[in-house]
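Visitor: Protein sequence lines correspond, in order, to chains V and B. According to the working numbering, the residues represented by the first sequence are 1 to 504, in order. According to the working numbering, the residues represented by the second sequence are 505 to 830, in order.
No lab work stands behind these hints, which were simulated from the structure alone. Check the hints yourself; a few may be wrong.
[Stated by the list, open to error] Capping the alpha-carbon separation at 35 Å, the derived lysine-lysine pairs in DSBU-like fashion look like this:
no., chain 1, residue 1, chain 2, residue 2
1, V, K24, V, K192
2, V, K315, V, K24
3, V, K21, B, K806
4, V, K315, V, K21
5, V, K450, V, K315
6, V, K192, B, K806
7, V, K400, B, K717
8, B, K717, B, K806
9, V, K193, B, K717
10, B, K717, V, K342
11, V, K21, V, K192
12, V, K400, V, K319
13, V, K319, V, K192
14, V, K342, V, K315
15, V, K315, V, K193
16, V, K192, V, K342
17, V, K24, B, K717
18, V, K319, V, K21
[To be verified] Cβ pair distances, simulated, as ranges:
no., chain 1, residue 1, chain 2, residue 2, range
19, V, G132, B, I553, 53 to 59 Å
20, B, A552, V, E311, 52 to 58 Å
21, B, G811, V, R126, 48 to 54 Å
22, B, V643, V, D147, 27 to 33 Å
Please read these numbers as outputs of a predicted model, since none were measured by experiment. Beta carbons are placed, not taken as given, at the ideal position from N, Cα and C, and that holds for glycine.
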Amino acid sequence: MSTPSPAIEMRGITKSFPGVKALKGVSFSAYPGEVHALAGENGAGKSTLMKILSGVYRLDGGAVIAGGEERLFTHPLDAIRAGIAVIYQEFSLLPERTVAQNIFLGREPTRFGLVDHAAMNREARRVLSLFGSAHRIEADTVVADLDVASQQLVEIAKAVSLDARVIVMDEPTAALNEAECEVLFGLVDTLKKRGVAIIYITHRMREITRLADRVTVLKDGETAASFDHVPEPDVIVRAMVGRDIGDFYAAPATPQEIGDVVLSVRNAGNERLTNITLDLRAGEIVGFAGLQGAGRVALAQAIFGFSPFTEGEVKLAGKPALFTSPRYAIRAGIGLLPGDRKAEGLVLMQSVTDNGMLTARALSALAGKADATPFASTDQMDGLLQDLDVRAGSFSQEIKALSGGNQQKAIVARWLALAPRLLIFIEPTRGIDVNAKAGIYHLMRDLARKGTAIMMISSDLPEVLGAADRLLVMRAGELVATFERGVSEADVMLAATGEEAVAA
Amino acid sequence: MNAATLIKRLPSRIERYSPALLLAAALLIYIAIALSLGLTRFLTPEAAISILNRSIALGMTAVGQTFAILVGSIDLSVAHLISASAVVSSAIMNGDPAMMVPAVLVVLLMGALVGTLNGLMITRLEVNPLIATLGMALVIQGCLASFHGKFGGSVPDAFQFFAYGVVLGLPFSLMVLTLVVVGAWVVLRFTRFGSNVYSVGGNRDTARAAGIKTDRVVIASHILCSLCASLAGLYLASRLKSGSPWIGTEGAYDLESIAVVVIGGTILSGGKGGIWGTVAGVIIFSLIDSIFNLAGVDAFAKQVMRGIIIVAAVAFYAVRSKRIVA
């Protein structure tokens, strides 16, 4: 695999966002006809690097060399013209437009200056036929009517139809079942034979072993390791995590540490949940695994009173607890850390302290007097922020300038101010760099040791396996399996997907 | 095609045709009232044409507004631009038929300029479209107020052909509107620019990632929107024989054009909808007017009921689209 010049080369790329240095001098290249795997934990900088390659972001420093000359991409169009296509991780499809319209977005075939719909549909069908007859997608279907896997395939078709020299695939299998993955892998092989350079982003070892020619691992915005062959999976994992798994996650709870039942749910359900029965105990971290849309977040929202249970029985510390509004849930001692910090968890323009005080203030207003909670004064909040080791220039600066990990800790402080009985973490480490992740796991364990029951919902399976004491798996709104610590990733996935693969 | 996708599809199909259903409902109510009052002369083709003819200016403005809303923006400056176009055209013509062509050109140029400025404020300066176009509206209003009085002016008889001329038994203005509507449909359906309008309105980041120069699409949509408003201003000047600086705001063309676009099924956040829905919305509005006239509803009550109908229509779409997501 030693073609003389790379199809694409990135040298010493740096990129900063407010409060976080996302890339610190990363170099990366891909040769025609090879698959170069780009691995790394969430938040390691993989997606940022690819967004620079595709012209979505502008680099701060370094150089992108395509076709032998240095290019400055200021708009995605520049990258597309340079022969670079990207299959984005978050869908970049327009739900209200047809499959063909999405595939040919911005470059619809025209005839006498008018869009030639017939030609567009024909061409789309040709590209879609690459997936074989196993997965038929009609070119004139509206994308909103497709299931998630089909949408992912359309996304792939869009990139393939560009006839690009470089194709970036950003975790393309996230929404695909086994058979669909095989279709994709076959497609990768075909593209490779055609001399396309493929950059394949994933953190699944199986896919790296199956597809890659070379592997580069990113960690905290730096190249942690780069291999001209495919090494053993544990070598890659060690480079990704950058330390022994042993102290990355906090030690599990001992039987003595696990206390009384804090929350008990019996046969509860609502529109999206059926027959939920579970117990959450003080001192225990319970992980919730499942596919996207399996009902984990719906369950958290039901317990938190956001979209309440409509049937069944819920008790918090022995008292009935069918909450119909988050206010009541909070007052009873339940806290929730949302998955999308920026959109749901933070008031970005307010100070760190104000963000920490948010719920305490809201609640004291509810109770009608300022001293209704122990955290009415900002001094106490600042002390708590310090205890949690929130790193900020000053607690009076706007919270948007803080790194993801520090923002998350500030939200934890918000709940600690209320001394909750149950804390629900949704995607607690999304967008947080690796070292800060360990900090969050240890923080969760500390909270548990102090007697809080912890519900942890995460789509990052290794993380749930490592941090939780017990694992519940959900599928289609039901709890389908309970695992003790030490279960294998494969067993959990089997339970999460069920016998036949479930799409959407 | 399994059952699940079929069920998922069904409501989206119903939603797609709901402007047509609303239109049919309005038409039935109109016919029912006309019949029950024994006023069959309101059911002739001539009556139909007169109903349509009442909405020429609103129709033109709404076609432009459709572009602004589809691209994910909105234009609150159309009413004042209509006034300005009417005033400027009648001032330039000043009764002289020879000045007709220059006047039309100047007015359209003014429209293009306003649209460009709106678009630039929204894209380059990243001003919220509501604020940008509201600011533009105030600027136009201020200019009109300070210049008015210096301009008298009137429209030459020849120019009144635009509003009152009849060709092959059809009002000339209605033919112009039809031309504008068909033109807009062709642009949206059959040009790459039209596709880009939907893409940018649907998701600006997606459009950009696909290599679309999103700023240009937004600016061009605003230019089209303002050009349509200028055309409506020319039409009103022709109809009223001279321009008045209140003509646009009195007709509430800003809010009414937005209302008919939304009633026509184009969603306010952009990316979904189309010109035929807007046409349905315009006809529904003038039918409602006609129904009120037939039924003899008093002018203030009429205003109240129009308000209720607009809110109800928007709520109807909001509830529908939520059901589809769930």
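Visitor: If a hint holds in the structure, say so; if it doesn't, say that too.
Guide: Structure-based check of all given hints:
Proximity of K24/V to K192/V is assessed by CA-CA distance (about 30 Å); at most 35 Å being required, the pair is judged to hold. Pair hint K315/V plus K24/V does not hold up; C-alpha atoms about 50 Å apart against a cutoff of 35 Å. Between K21/V and K806/B the CA atoms are separated by roughly 60 Å; this puts the pair beyond 35 Å, and the hint is violated. Pair hint K315/V plus K21/V does not hold up; C-alpha atoms about 45 Å apart against a cutoff of 35 Å.
For the hint linking K450/V to K315/V, the alpha-carbon distance of about 21 Å falls within 35 Å, and the restraint holds. Restraint check: the Cα-Cα separation between K192/V and K806/B comes to about 68 Å, which exceeds 35 Å; the hinted pair is violated. For the proposed pair K400/V and K717/B, the alpha carbon gap of about 29 Å is at most 35 Å, so the pair holds. Restraint check for K717/B and K806/B: not satisfied, since their Cα atoms lie roughly 44 Å apart, outside the 35 Å limit.
Among the hinted pairs, K193/V with K717/B is consistent with the structure: their alpha-carbon atoms are about 33 Å apart, no more than 35 Å. With a C-alpha separation of about 27 Å, the suggested pairing of K717/B with K342/V holds against the 35 Å cut-off. Among the hinted pairs, K21/V with K192/V is consistent with the structure: their alpha-carbon atoms are about 34 Å apart, no more than 35 Å. The straight-line distance between the Cα atoms of K400/V and K319/V is roughly 39 Å, outside the 35 Å bound, and the hint therefore fails.
Distance restraint check for K319/V and K192/V: the Cα-Cα separation of roughly 62 Å exceeds the 35 Å cut-off, and the hinted pair is therefore not satisfied. This hinted pair checks out: K342/V and K315/V have alpha carbons roughly 31 Å apart, not beyond 35 Å. Annotation: proposed proximity of K315/V to K193/V is violated, straight-line Cα distance about 60 Å (limit 35 Å). Proximity of K192/V to K342/V is assessed by CA-CA distance (about 39 Å); at most 35 Å being required, the pair is judged violated.
Simply put, K24/V and K717/B have alpha-carbon atoms about 30 Å apart, close enough for the 35 Å limit, and the pair holds. Of the pairs offered as hints, the one joining K319/V and K21/V is violated, with about 47 Å between alpha carbons and a cut-off of 35 Å exceeded. Between G132/V and I553/B the beta carbon distance is about 57 Å. The supplied range of 53 to 59 Å therefore holds. The supplied range of 52 to 58 Å is met by A552/B and E311/V, whose beta-carbon atoms lie about 55 Å from each other.
Between G811/B and R126/V the C-beta distance comes to about 52 Å, which sits within the given range of 48 to 54 Å. Range check, V643/B to D147/V: Cβ separation about 50 Å, and the 27 to 33 Å hint is violated.
Going down the numbered hints, you'll see the structure goes against 2, 3, 4, 6, 8, 12, 13, 15, 16, 18, 22, while the others check out.
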